[in-house]
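Just so you know, the sequences run in chain order R and F. Counted from 1, the first sequence has number 17 at position 17 by our numbering; the numbering is strictly sequential. Counted from 1, the second sequence has number 737 at position 737 by our numbering; the numbering is strictly sequential.
Hint data in this document are derived by calculation from the structure and do not stem from the laboratory. Check before you lean on any hint, since a few could be wrong.
[What the hints assert, rightly or not] To be clear about the criterion: a stretch of chain F counts as covered by chain R if any three or more of its residues have a C-beta under 8 angstroms from a C-beta of chain R, and this derived list gives those stretches:
1) 36 to 42
2) 528 to 536
[Claimed, not checked] Computed list of lysine to any residue pairs in SDA-like fashion (alpha-carbon distance at most 25 angstroms, straight line):
3) R:24 - F:715
4) F:778 - R:12
5) F:683 - R:12
6) R:24 - F:710
As the structure is a prediction and not an experimental result, all values here were calculated from the model. The C-beta atom is built at its ideal place from N, Cα and C for all residues, glycine as well.
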Amino acid sequence: MGRSVLVVEDEPNIALSLRFLMGKLGLDVRVAENGDAALKACAEQPPDLILLDLMLPERDGYDVCREIRSNPAWRDVRIIMLTAKGRDADREKGLALGADDYITKPFSTRDLVSRVEAFFAGEAAGSDQLAGDGDVRR
Amino acid sequence: MLESWVVLSVSLLYLCALFAIAYFGDKRAEQGRSLIANPYIYTLSIAVYCTSWTYYGSVGFAAVNGLGFLTIFLGPTLVFLAWPFLLGKLVRISKANRITSIADLMSSRYGKSTVLGGLVTVIAVIGIMPYISLQLKAVSTSFTMLLDFPDLTQAGRLADAPVFSDTTLLVALVMALFAILFGTRHIDASEHHEGLVAAIAFESLVKLAAFLAVGLFVVYGLYDGFGDLFSRAMAYDNIRRVMVVDGGGDYSRWITMTVLSMAAIVCLPRQFHVTVVENVSESHLRKAVWLFPLYLLLINIFVLPIAVAGLMQFPGPDIDADTFVLTLPMAARREGIALLAYIGGLSAATGMVIVAAIALSTMMCNNLIMPILLRIDRLKLTSRGDLTGLLLTVRRSSILFILLLGYAYYRFIGESYALVTIGLVSFAAAAQFAPAILAGIFWKGATRLGALSGLTAGFLVWVYTLLLPAFARSGWLPLDFVLEGPWGIAWLKPYALFGMTDYGHLTHSLIWSMLANGGALIAVSLFSRQSALERVQAALFVDAFRLRSDDGSRFRRGSATVADIQDLMVRFTGRKRAEKMLSAYARSRGVNIGKLQEADADLVDFSERVLAGVIGSASASVMVSSVVKGAVVGLEDVMVILDETSQVIEYSHRLEQKSAELERTTAELRAANERLKELDRLKDEFLSTISHELRTPLTSIRSFSEILYDHPDVSRSQREEFLGIIIRESARLTRLINHILDLAKMEAGQFVWQMEDVSPAMVIDEALAAVGGLFGEKNVLLDVDIEPGLPPLKVDKDRMIQVLVNLLANAVKFCDRGKGRVWLSARRDGDSLLLSVRDNGIGIPEAERDTIFDKFRQISAGRKGNPGGSGLGLAISRQIVDHFGGRIWVDGGEGGGACFYIRLPFSAMALKQGAA
Numbered sequence: 001m002g003r004s005v006l007v008v009e010d011e012p013n014i015a016l017s018l019r020f021l022m023g024k025l026g027l028d029v030r031v032a033e034n035g036d037a038a039l040k041a042c043a044e045q046p047p048d049l050i051l052l053d054l055m056l057p058e059r060d061g062y063d064v065c066r067e068i069r070s071n072p073a074w075r076d077v078r079i080i081m082l083t084a085k086g087r088d089a090d091r092e093k094g095l096a097l098g099a100d101d102y103i104t105k106p107f108s109t110r111d112l113v114s115r116v117e118a119f120f121a122g123e124a125a126g127s128d129q130l131a132g133d134g135d136v137r138r
Numbered sequence: 001m002l003e004s005w006v007v008l009s010v011s012l013l014y015l016c017a018l019f020a021i022a023y024f025g026d027k028r029a030e031q032g033r034s035l036i037a038n039p040y041i042y043t044l045s046i047a048v049y050c051t052s053w054t055y056y057g058s059v060g061f062a063a064v065n066g067l068g069f070l071t072i073f074l075g076p077t078l079v080f081l082a083w084p085f086l087l088g089k090l091v092r093i094s095k096a097n098r099i100t101s102i103a104d105l106m107s108s109r110y111g112k113s114t115v116l117g118g119l120v121t122v123i124a125v126i127g128i129m130p131y132i133s134l135q136l137k138a139v140s141t142s143f144t145m146l147l148d149f150p151d152l153t154q155a156g157r158l159a160d161a162p163v164f165s166d167t168t169l170l171v172a173l174v175m176a177l178f179a180i181l182f183g184t185r186h187i188d189a190s191e192h193h194e195g196l197v198a199a200i201a202f203e204s205l206v207k208l209a210a211f212l213a214v215g216l217f218v219v220y221g222l223y224d225g226f227g228d229l230f231s232r233a234m235a236y237d238n239i240r241r242v243m244v245v246d247g248g249g250d251y252s253r254w255i256t257m258t259v260l261s262m263a264a265i266v267c268l269p270r271q272f273h274v275t276v277v278e279n280v281s282e283s284h285l286r287k288a289v290w291l292f293p294l295y296l297l298l299i300n301i302f303v304l305p306i307a308v309a310g311l312m313q314f315p316g317p318d319i320d321a322d323t324f325v326l327t328l329p330m331a332a333r334r335e336g337i338a339l340l341a342y343i344g345g346l347s348a349a350t351g352m353v354i355v356a357a358i359a360l361s362t363m364m365c366n367n368l369i370m371p372i373l374l375r376i377d378r379l380k381l382t383s384r385g386d387l388t389g390l391l392l393t394v395r396r397s398s399i400l401f402i403l404l405l406g407y408a409y410y411r412f413i414g415e416s417y418a419l420v421t422i423g424l425v426s427f428a429a430a431a432q433f434a435p436a437i438l439a440g441i442f443w444k445g446a447t448r449l450g451a452l453s454g455l456t457a458g459f460l461v462w463v464y465t466l467l468l469p470a471f472a473r474s475g476w477l478p479l480d481f482v483l484e485g486p487w488g489i490a491w492l493k494p495y496a497l498f499g500m501t502d503y504g505h506l507t508h509s510l511i512w513s514m515l516a517n518g519g520a521l522i523a524v525s526l527f528s529r530q531s532a533l534e535r536v537q538a539a540l541f542v543d544a545f546r547l548r549s550d551d552g553s554r555f556r557r558g559s560a561t562v563a564d565i566q567d568l569m570v571r572f573t574g575r576k577r578a579e580k581m582l583s584a585y586a587r588s589r590g591v592n593i594g595k596l597q598e599a600d601a602d603l604v605d606f607s608e609r610v611l612a613g614v615i616g617s618a619s620a621s622v623m624v625s626s627v628v629k630g631a632v633v634g635l636e637d638v639m640v641i642l643d644e645t646s647q648v649i650e651y652s653h654r655l656e657q658k659s660a661e662l663e664r665t666t667a668e669l670r671a672a673n674e675r676l677k678e679l680d681r682l683k684d685e686f687l688s689t690i691s692h693e694l695r696t697p698l699t700s701i702r703s704f705s706e707i708l709y710d711h712p713d714v715s716r717s718q719r720e721e722f723l724g725i726i727i728r729e730s731a732r733l734t735r736l737i738n739h740i741l742d743l744a745k746m747e748a749g750q751f752v753w754q755m756e757d758v759s760p761a762m763v764i765d766e767a768l769a770a771v772g773g774l775f776g777e778k779n780v781l782l783d784v785d786i787e788p789g790l791p792p793l794k795v796d797k798d799r800m801i802q803v804l805v806n807l808l809a810n811a812v813k814f815c816d817r818g819k820g821r822v823w824l825s826a827r828r829d830g831d832s833l834l835l836s837v838r839d840n841g842i843g844i845p846e847a848e849r850d851t852i853f854d855k856f857r858q859i860s861a862g863r864k865g866n867p868g869g870s871g872l873g874l875a876i877s878r879q880i881v882d883h884f885g886g887r888i889w890v891d892g893g894e895g896g897g898a899c900f901y902i903r904l905p906f907s908a909m910a911l912k913q914g915a916a
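The shape of chain R in the complex, shown without the other chains (with noise of 0.2 angstroms):
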């Protein structure tokens, strides 16, 4: 079964990177405008992952964020949050918010290739040690 990737982002130029990118890790790759859409997206096939960017119009990623969160059935999905807000307020709400990795925009495409593909990695060993990873990574 392919792994699969939710791109969450508004601005078509950085969604057309990362599905770029993403495509070429062989994910399959899935891209929503907004908060709805990517609910809407999880809805119908809850993706592996999800790249969310925070700055959305109306329901923001936070949103996105706690609203998978609080769905049991989406337990498994990781998130790692795409933003060009860089304070480290910021981040720590994501991660308090249970992102499971949080990067800065603009970012490096090797660093954002090399955290998707050890994210799948640790998958395959088990998720508690993707968990570990996750912790230190903070």
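Based on the hints, put chain F in the right spot on chain R.
This is chain F only, laid out in the frame that chain R set:
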């Protein structure tokens, strides 16, 4: 028929009722259950202002002069409504200093001056004399007329009757008796005469009720109400005249009478007595402030109707208008109402005469006779035993003397004048006190010499311009004196001094006497020095509301034995009362007087105030000084004390200022701090927003650069797409940075503007050339409508183009591809240009139309798919338009789009040239 015995017995019964009320009032006071300790009785006692002059004279005056009579009541109303603080201050001062009369007030204020007190007394007695005679005239006239009932013969020259069978003399004597019985029972004049006040209040009720009864009878008995009365009256030419405010009339007379009556309500000795001396509580004054004007209003309601009715009923000259109140019921054969009208007049007259007599006798005793007696060494009064008997005798003889004097004036002069004229002469005399009183309680610099000079000058002018002419008209002086001036000197004519002929006698006299009075008071005060005692008294009076009542004792030096003080009090107040007051003093201060040898300053001061209540402040000061060793007080001491006091006041004032300043500074600091916090938050937000806005294009650029670098194998078309994004996003980044810098410069005022006169059409053309490509790209139709011949604008051309480009680019951006339309119009609107850019795009929600010009504010719906904007374009546009002195705003366009407007003033210089 009204038999003479009926009228007489009713009169006597009424007087007996007064005695009974006064007696009852005094009894209640002795039991400590005061009858008069309420504001209503107080107000009614003040209504002693309304004498028989009001009762009969107002109607007479109205019948001749129309509404002018109202001024006599306008003055007091103004004083009570507008200046209660004046009366309040007088009450406070008088209580603190145990002032017994208006003469005492002046004497006390100006260094306890005996001479000043005496002068005031003389002026008051001479000035009030006509007024008292007026009351006597009113009573005897009405009495005589009533005896002739129902015949309406005019009383004729009553004064022709022999003295001993003259009713008027009888009236004078009866009134003197009443005044003596109830005004001189106690010897302390500053103690309240409760019985007397109760009786006076009762009289005020009676005269009001009687006048209202006559009024109601005339209006509803003789006629069918006000409407009927006045509509009938309108048929007579001569009557219509009195019912309107005389348009071309002599306003100087109105003003004069208002001013005179304002002075009278304060300065007339009897008004001062009931309002100030007999005042029980300052709170009563606060209620009287509106109750008294109400009384005046009530008693005036029927004046005009009665006057009008009288003129209609008695068209001939036989009946004097002054008697209408009485003659109207008589003519209608209504004995009861006629009798009531007579009683009302009687009560108005007796009230005035009794209070005036008591007030004047107190002044004569305390400020004229006693000071003289005390100075005559041969009498050895200063060392004699009990003087209370002497004091009472002096007062009682004074009352008799005053009434007889009034009678004499009446017999020799009174007949030749109407009631109102006599009263106004008295008012003018009383008004002479006003400058010295006002200066005394508001200006510390007013001196004894100044007050003496002012009073003397004013009084002399009054005598010359009002009293002497009155004598002349009565035949006492050659009439040539009035008509030609003394010795034929025209500019000394009493009614036209220095050639002033523009005003009536009264106004003429008031102008000259007040000029002389006030001028002398101010001039002499400025050039004379105050004695130590004057300074102390001036401070006590002017600062009455700030000082405590016992502050006076701080100015006293020297000592006396308690025995001496006790002795002094016993001599002037009698042993019983002296002991009572001393023990009350001891209780309130918590001391045992029996054990004291030396009287301290406080006790000496107390005794002087008690004596002041008995013999006036000037005499009391003399008496107390005679037993106190070591001078009352030296000038040096006063200066030191005053300086000390003023320094302390000054210091505390400065402290107060300081703390107020501190408070203000704290508040300012707090506000500044809040502002700083707010600015800090805004700056934080701004930085975070900018950072976000910069990171977004940067992210695309970095990602695609890295992708292209790491993946050399991407397809050619993809490579071109990615490179295109990199280039566009780089441009966007550059634009953003430029915008941020521009905006920062504009906001900081550092932007360099190249202002010049520019044609609107040219700016629009250049802007269109810059954005033309956009329209083609999105296939949006553009309509341009520019009014020809528009004057130039004074703008920075490039910035103006920037604004237009921004608006046009926005308009295109929010239009749908292929279906979009944009309208640009420029037209003249007065002295300004109105530019509009309208599109048929998605529009702007009404709630966002105000905030859209804020930094980084993009309409929520527009963010999607429109990455090109910096979020600063409109913010910069607004800064630019503001700088040009214009305004930019947005509205909904027709058909759902947005419509941006810019209003810009045309170049002022170009407009001017165009006009020229």
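Quick rundown of the hints versus the structure:
1. Given a C-beta distance limit of less than 8 angstroms, the hint that chain R covers the stretch 36 to 42 of chain F is violated, as 0 residues qualify and 3 are needed.
2. Counting residues of the stretch 528 to 536 of chain F whose beta carbon lies closer than 8 angstroms to any beta carbon of chain R gives 0, which falls below the threshold of three, so the coverage claim is violated.
3. As the CA atoms of residue 24 (chain R) and residue 715 (chain F) are separated by approximately 13 angstroms, the hinted pair is consistent with the 25 angstroms bound.
4. Straight-line distance between C-alpha atoms of residue 778 (chain F) and residue 12 (chain R) comes to about 19 angstroms, which keeps the hinted pair within the 25 angstroms bound.
5. A C-alpha spacing of about 29 angstroms is found between residue 683 (chain F) and residue 12 (chain R), which places the hinted pair above 25 angstroms, so the restraint is violated.
6. In summary, the hint linking residue 24 (chain R) to residue 710 (chain F) is supported, as the alpha carbons are separated by about 11 angstroms, within the 25 angstroms threshold.
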